[in-house]
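Student: Chain Z: place on chain F using the hints.
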Amino acid sequence: MPKFEFPTSILSRPVYGVLEARAGHQHLMIADAEGAEAILDIATPDLMAKTHIIYIPKGTDFADELRALNPAQFYQGPSYAASVSRIQRVLQDAAMGLQLYLAGTEGLMGQVQSEAMKAGIPHTAIQTEHRGSIARRMQCVHCKGITEDVATDPFQCSHCNLNLFVRDHYSRRLAAYQAVCIDAEDPGNVPVKKGLYE
Amino acid sequence: MSGAEKIAVRVTEVTPLNDLVTRFRFERLDGALLPTFSGGAHTVVEMKDGDVTRLNPYSLMSDPFDQTAYTISVRRDDEGRGGSLFLHNSVSVGDEMIISNPVNLFSLDLRAKKHLMIAGGIGITPSLAQIKQLDRAHGNWELHYACRSVALGSYVDYLTSTHPNDVNVYYDDQNQAIDLENLFSGQPLGTHVYVCGPKGMINWVRGKAAELGWPREAIHYEEFLAPQPGKPFEVKLAVSNKVIQVGEQESLLEAMERSGVDAPYLCRGGACGMCETRVIDYTGNFIHRDHWLDDEEHSSGEKIMPCVSRFEGKTLVLDR
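Protein chains in written order, with numbering that gives the first Met the number 0: chain F, 0 to 197; chain Z, 0 to 319.
Isolated chain F, as found in the complex:
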């Protein structure tokens, strides 16, 4: 799958890189969907012998390929919500020198980054690589509800039903972009929905 180039934007908007194997005694790789391909790209037997992979397929079928890499530990979770307690536990038990690699959707990478920051890893020390869906995890600034996998702009808040404008203003703590009501001044005057980046 070709990689999507996000347009450059404000400083707040996260920027993703390309994963590379780094020095460390313990490696934790967490990916969803097509993020598996970023792991496959850097996997070597030596690296995999020290790697714990946590993978959320989201309907894709990369799990067998990842398992075939023979990592030290492999876990496949049905959803992020189902996997987060394991992620927290792995971080809690980890020692300095742990290398964290995140790949896949912005929502997955952002949420794990937020957990890792709470566990004491500086966000700048976490490697990320975007793969797959360009949909975003959005927070409604009015009701504070989170809407996952938003792929259109504007969109409707899944909690309070306001019409929201997709912005690049991002919160690392919440792992969500901030969405603001688009028709507050003139209720009902909502621009036509378009796909993100279209």
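Since the hints were made in silico from the structure, they are not lab data.
Ideal placement from N, C-alpha and C gives every residue a C-beta, glycine not left out.
Check before you lean on any hint, since a few could be wrong.
Partial list, derived from the structure: chain F residues whose beta carbon lies under 10 Å from chain Z [unchecked claim]:
| id | residue |
| --- | --- |
| 1 | G23 |
| 2 | Q25 |
| 3 | Q91 |
| 4 | A94 |
| 5 | Q98 |
| 6 | G119 |
| 7 | T123 |
| 8 | I125 |
| 9 | G187 |
| 10 | P190 |
| 11 | V191 |
Below, computed lysine-lysine pairings styled on DSBU-like, alpha-carbon distance capped at 35 Å [to be verified]:
| id | chain 1 | residue 1 | chain 2 | residue 2 |
| --- | --- | --- | --- | --- |
| 12 | Z | K47 | Z | K241 |
| 13 | F | K57 | F | K192 |
| 14 | Z | K112 | F | K49 |
| 15 | Z | K5 | Z | K131 |
| 16 | Z | K113 | Z | K47 |
| 17 | Z | K113 | F | K49 |
| 18 | Z | K131 | Z | K241 |
| 19 | Z | K131 | Z | K113 |
| 20 | Z | K112 | Z | K230 |
| 21 | F | K117 | Z | K113 |
| 22 | Z | K207 | Z | K5 |
| 23 | F | K117 | Z | K241 |
| 24 | F | K192 | F | K49 |
| 25 | F | K49 | Z | K230 |
| 26 | Z | K207 | Z | K241 |
| 27 | Z | K112 | F | K57 |
| 28 | Z | K131 | Z | K207 |
| 29 | Z | K207 | F | K117 |
| 30 | F | K117 | Z | K198 |
| 31 | F | K2 | F | K192 |
| 32 | Z | K47 | Z | K230 |
| 33 | Z | K198 | F | K49 |
| 34 | Z | K131 | Z | K112 |
| 35 | Z | K230 | Z | K241 |
| 36 | F | K143 | Z | K235 |
| 37 | Z | K302 | Z | K230 |
| 38 | Z | K207 | Z | K302 |
| 39 | F | K143 | Z | K207 |
| 40 | Z | K207 | Z | K47 |
Tutor: Just chain Z now, with coordinates in the frame of chain F:
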């Protein structure tokens, strides 16, 4: 006026600790309280030694919340340009001095889950203030302190008696050394390292941490560079429209100040970046000694840190 705000103080105690280190206590002349500070902060002490005025940074080692006095501990450097010798030989109880408000370039990262301090020799001084701050906050810390010998182990007795389980001391003359690899292995996620000591120790700790995959952001270090003497050179200051001579025993920053140019500074030790100055033109070679500019900037010939760096050559024109 450049630098942090100034405070007029009186020296109220001078306490020799061992052959090399003496502690000085400062209290405000006006009797008011001093500002609180944070562990790792330093003060810049003004020393009027005949015609020469030196401004040297010293780490504050007293309790950051004690506003009645500041204390510093100074190691006598017989090879240096004389700042420490002046304090040791010419300053006594009752003297009036000028010091600066505290400036912290070596603060604790309070997001850390654990603070791991590594000190070498007189590098123990910022740790002393950091430990007082962490004790108040019930912080999780441990100290690994390397010194030459029992006789030169400043504050070892104080540290080991107050914190027997958190302080580890290593004596060079007994062939004791910090086992860094072992110390670093198994430290919990969120551990931050603070290293203060000689350059070799700082490089050793930073190198080992990088090798073991520790994030750069988790390694904090402080090394004040004293300006080194060198060949005299001439500088044209374009903004001030002055041509000044930098003497053998003074820094470029000191020469600018002597000529009445109010150049910005903070640490005076090549660390903080405040005195960064743009080079307009030059023919010759820079002797960069700071650890603020990176290698690329050092070789670009576009910037110089006048607090510690020098120049050898025909022409140097600065944007100052």
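Student: Could you run down the list of hints and mark each one as holding or not?
Tutor: Here's how the hints hold up against the structure:
1. G23: 3 Å, holds
2. Q25: 9 Å, holds
3. Q91: 8 Å, holds
4. A94: 5 Å, holds
5. Q98: Result: holds, 6 Å to nearest chain Z Cβ.
6. G119: Holds, because the Cβ-Cβ distance from F/G119 to chain Z comes to roughly 2 Å (cut-off 10 Å).
7. T123: Status holds, d = 6 Å.
8. I125: 9 Å, holds
9. G187: Violated - the Cβ of F/G187 stays beyond 10 Å from chain Z, reaching only about 45 Å at its closest.
10. P190: 41 Å, violated
11. V191: 44 Å, violated
12. Z/K47 - Z/K241: Measuring from Cα to Cα gives roughly 25 Å; hence the hint holds.
13. F/K57 - F/K192: Cα-Cα ~25 Å, so holds.
14. Z/K112 - F/K49: 24 Å, holds
15. Z/K5 - Z/K131: This hinted pair holds, its Cα atoms lying about 25 Å apart.
16. Z/K113 - Z/K47: 42 Å, violated
17. Z/K113 - F/K49: 25 Å, holds
18. Z/K131 - Z/K241: Outside the cut-off at roughly 47 Å; violated.
19. Z/K131 - Z/K113: The hint holds at about 15 Å.
20. Z/K112 - Z/K230: 48 Å, violated
21. F/K117 - Z/K113: This hinted pair holds, its Cα atoms lying about 13 Å apart.
22. Z/K207 - Z/K5: 39 Å, violated
23. F/K117 - Z/K241: 54 Å, violated
24. F/K192 - F/K49: Not OK: F/K192 and F/K49 at ~46 Å, beyond 35 Å, violated.
25. F/K49 - Z/K230: 54 Å, violated
26. Z/K207 - Z/K241: 47 Å, violated
27. Z/K112 - F/K57: 34 Å, holds
28. Z/K131 - Z/K207: Since the Cα atoms of Z/K131 and Z/K207 sit roughly 28 Å apart, the hinted pair holds (cutoff 35 Å).
29. Z/K207 - F/K117: 25 Å, holds
30. F/K117 - Z/K198: Roughly 32 Å separates the two Cα atoms, so the pair holds.
31. F/K2 - F/K192: Answer holds: F/K2 to F/K192 is near 24 Å, not above 35 Å.
32. Z/K47 - Z/K230: 23 Å, holds
33. Z/K198 - F/K49: Judged against 35 Å, a Cα distance of about 34 Å means the pair holds.
34. Z/K131 - Z/K112: Holds: Z/K131 and Z/K112 sit about 17 Å apart, inside 35 Å.
35. Z/K230 - Z/K241: Holds - the C-alpha atoms of Z/K241 and Z/K230 are around 20 Å apart, at most 35 Å.
36. F/K143 - Z/K235: Violated, at about 59 Å.
37. Z/K302 - Z/K230: The given pair, whose Cα atoms are some 20 Å apart, holds under the 35 Å limit.
38. Z/K207 - Z/K302: Measuring from Cα to Cα gives roughly 30 Å; hence the hint holds.
39. F/K143 - Z/K207: 44 Å, violated
40. Z/K207 - Z/K47: Between Z/K207 and Z/K47 the Cα gap is close to 42 Å, so the pair fails against 35 Å, i.e. violated.
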